[in-house]
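Asks: Sequence:
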Amino acid sequence: MEAKTNDLTEITLKMLLDEGIIENGTVLYSDTNPTKTAKINSDGFIDLKIDGSQKLYPFPSGAARALVNLSVNGWKFWKIKINDELKEISELRQIYKERKK
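Just so you know, we're using the numbering used here here: the sequence shown kicks off at 92 and counts up by one.
Keep in mind that the hints were calculated from the coordinates and are not lab data.
The beta carbon of each residue, even a glycine, is placed where N, CA and C say it ideally should be.
Possibly wrong hints are sitting among the right ones.
Straight-line C-alpha distance at most 20 Å; calculated EDC-like pairs for lysine to aspartate or glutamate [as the list claims (entries may be wrong)]: (1) Lys-191 <-> Asp-142; (2) Lys-188 <-> Asp-122; (3) Lys-105 <-> Glu-179; (4) Lys-188 <-> Glu-114; (5) Lys-178 <-> Glu-110; (6) Lys-192 <-> Asp-122.
Pair by pair, the computed Cβ-Cβ distance ranges are [stated by the list, open to error]: (7) Thr-100 <-> Glu-176: 23 to 33 Å; (8) Lys-192 <-> Ser-144: 35 to 45 Å; (9) Gly-111 <-> Asp-175: 19 to 29 Å; (10) Pro-149 <-> Asn-124: 21 to 31 Å; (11) Ile-141 <-> Arg-190: 30 to 40 Å; (12) Gly-111 <-> Leu-177: 26 to 36 Å; (13) Arg-190 <-> Asn-160: 16 to 26 Å; (14) Leu-161 <-> Gly-111: 11 to 21 Å; (15) Val-118 <-> Asp-142: 17 to 27 Å; (16) Gly-116 <-> Glu-182: 34 to 44 Å; (17) Asp-142 <-> Lys-191: 35 to 45 Å.
Make the full structure from the sequences, and use the hints.
Replies: As structure tokens, this is what we get:
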């Protein structure tokens, strides 16, 4: 059954993966320090290494919070590189929504 949503907040990384908007292994760049990166795995989780400890996070905000020790909107915090430009992953939700119209 295909998920349909009008609310951008219901769109998950897994949905973006399944739609082909992002791929397994897509690198995410931290908003506060682009040298701090994470990767999206095939299940739509964020694979993040902090202080030598590798953890999986199901949501962008949880991964961002773990990295900066602050409550932040992970969809705006994490960026991906598109055509050599860093874009918020929140923009990918809009692409998904447009495809599902």
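Asks: If a hint holds in the structure, say so; if it does not, say that too.
Replies: For each hint, the structure was consulted:
no., hint, verdict
1, Lys-191 <-> Asp-142, "violated, 39 Å"
2, Lys-188 <-> Asp-122, "violated, 24 Å"
3, Lys-105 <-> Glu-179, "holds, 17 Å"
4, Lys-188 <-> Glu-114, "holds, 17 Å"
5, Lys-178 <-> Glu-110, "holds, 18 Å"
6, Lys-192 <-> Asp-122, "violated, 30 Å"
7, Thr-100 <-> Glu-176: 23 to 33 Å, "holds, 25 Å"
8, Lys-192 <-> Ser-144: 35 to 45 Å, "holds, 41 Å"
9, Gly-111 <-> Asp-175: 19 to 29 Å, "holds, 21 Å"
10, Pro-149 <-> Asn-124: 21 to 31 Å, "holds, 23 Å"
11, Ile-141 <-> Arg-190: 30 to 40 Å, "holds, 33 Å"
12, Gly-111 <-> Leu-177: 26 to 36 Å, "violated, 21 Å"
13, Arg-190 <-> Asn-160: 16 to 26 Å, "violated, 35 Å"
14, Leu-161 <-> Gly-111: 11 to 21 Å, "violated, 32 Å"
15, Val-118 <-> Asp-142: 17 to 27 Å, "holds, 19 Å"
16, Gly-116 <-> Glu-182: 34 to 44 Å, "violated, 19 Å"
17, Asp-142 <-> Lys-191: 35 to 45 Å, "holds, 39 Å"
The structure does not agree with the numbered hints 1, 2, 6, 12, 13, 14, 16 stated previously, though it agrees with the rest.
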